[in-house]
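We have chain B already, so just place chain E on it with the hints.
Residue numbers (the working numbering), protein chains in the order written: chain B, 30 to 142; chain E, 184 to 297.
Hints listed in this document are in silico derivations from the structure and should not be mistaken for laboratory results. Heads up, a few of these hints could be off.
With the Cβ distance kept under 8 Å, some of the chain E side facing chain B (calculated, not the full set) [claimed, not checked]: (1) Gln-224; (2) Gly-225; (3) Asp-239.
Below are the DSS-like pairs computed for lysine-lysine, each with C-alpha atoms no more than 25 Å apart in a straight line [stated by the list, open to error]: (4) Lys-97/B <-> Lys-134/B; (5) Lys-85/B <-> Lys-100/B; (6) Lys-85/B <-> Lys-134/B; (7) Lys-71/B <-> Lys-194/E; (8) Lys-71/B <-> Lys-261/E; (9) Lys-71/B <-> Lys-134/B.
Please read all numbers here as calculations on a predicted model, not as lab measurements. All C-beta atoms in this analysis are idealised placements derived from N, C-alpha and C, irrespective of residue type, glycine included.
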Amino acid sequence: GESVGLHLPTLSVQEGDNSIINCAYSNSASDYFIWYKQESGKGPQFIIDIRSNMDKRQGQRVTVLLNKTVKHLSLQIAATQPGDSAVYFCAENISGANSKLTFGKGITLSVRP
Amino acid sequence: GAGVSQTPSNKVTEKGKYVELRCDPISGHTALYWYRQSLGQGPEFLIYFQGTGAADDSGLPNDRFFAVRPEGSVSTLKIQRTERGDSAVYLCASSFRLAADTQYFGPGTRLTVL
Numbered sequence: 030g031e032s033v034g035l036h037l038p039t040l041s042v043q044e045g046d047n048s049i050i051n052c053a054y055s056n057s058a059s060d061y062f063i064w065y066k067q068e069s070g071k072g073p074q075f076i077i078d079i080r081s082n083m084d085k086r087q088g089q090r091v092t093v094l095l096n097k098t099v100k101h102l103s104l105q106i107a108a109t110q111p112g113d114s115a116v117y118f119c120a121e122n123i124s125g126a127n128s129k130l131t132f133g134k135g136i137t138l139s140v141r142p
Numbered sequence: 184g185a186g187v188s189q190t191p192s193n194k195v196t197e198k199g200k201y202v203e204l205r206c207d208p209i210s211g212h213t214a215l216y217w218y219r220q221s222l223g224q225g226p227e228f229l230i231y232f233q234g235t236g237a238a239d240d241s242g243l244p245n246d247r248f249f250a251v252r253p254e255g256s257v258s259t260l261k262i263q264r265t266e267r268g269d270s271a272v273y274l275c276a277s278s279f280r281l282a283a284d285t286q287y288f289g290p291g292t293r294l295t296v297l
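This is chain B alone, in the form it adopts within the complex:
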């Protein structure tokens, strides 16, 4: 079936290092992708999004890369901080069609001091 998935369940990084979180998607019709951060006991928090007409989009300390050829999405976090520790989800959507976001299972980012 079609799904959004993440390659690794956990990622441990040293504070100050850069983090890269990867995501594979299988629905070639998806044209809108979002990264969410979820801290324990809270709802998902929007980080950054990208539409399929772009390959790269930058925010504050975060960059999302989209490779439509291999259906791959990544989130790069520069100078990772303890406050970045959370579960990260990628999600996909088909704009103009049904509205639901399809989420992957999530990856836990743990920042070592």
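Only chain E this time, still in chain B's reference frame:
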């Protein structure tokens, strides 16, 4: 400004009981979504409202689940004859207008069915 709010934050009920979960979207957002999140999983879509009408309810698991949004703002998710398998965090999100606009999530309601 105020984000999406959900009440209650926690709900414990007994098997077979009826529960209502409430969502207050961001002011001015016309689209409202309900998702369900089980432990260790990503959120799963339940239903989507555009204004007062349910535009897509394909994610509702069965007819025990129902949601309304009578005035196009606050929404209530209703679960009848709750089962232990309904235990999860129920998340509400809203977006300004279209489905592809950014969805902003509330803190969720943790439902526990004993």
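Structure-based check of all given hints:
no., hint, in the structure
1, Gln-224, "6 Å, holds"
2, Gly-225, "3 Å, holds"
3, Asp-239, "5 Å, holds"
4, Lys-97/B <-> Lys-134/B, "21 Å, holds"
5, Lys-85/B <-> Lys-100/B, "14 Å, holds"
6, Lys-85/B <-> Lys-134/B, "23 Å, holds"
7, Lys-71/B <-> Lys-194/E, "15 Å, holds"
8, Lys-71/B <-> Lys-261/E, "22 Å, holds"
9, Lys-71/B <-> Lys-134/B, "16 Å, holds"
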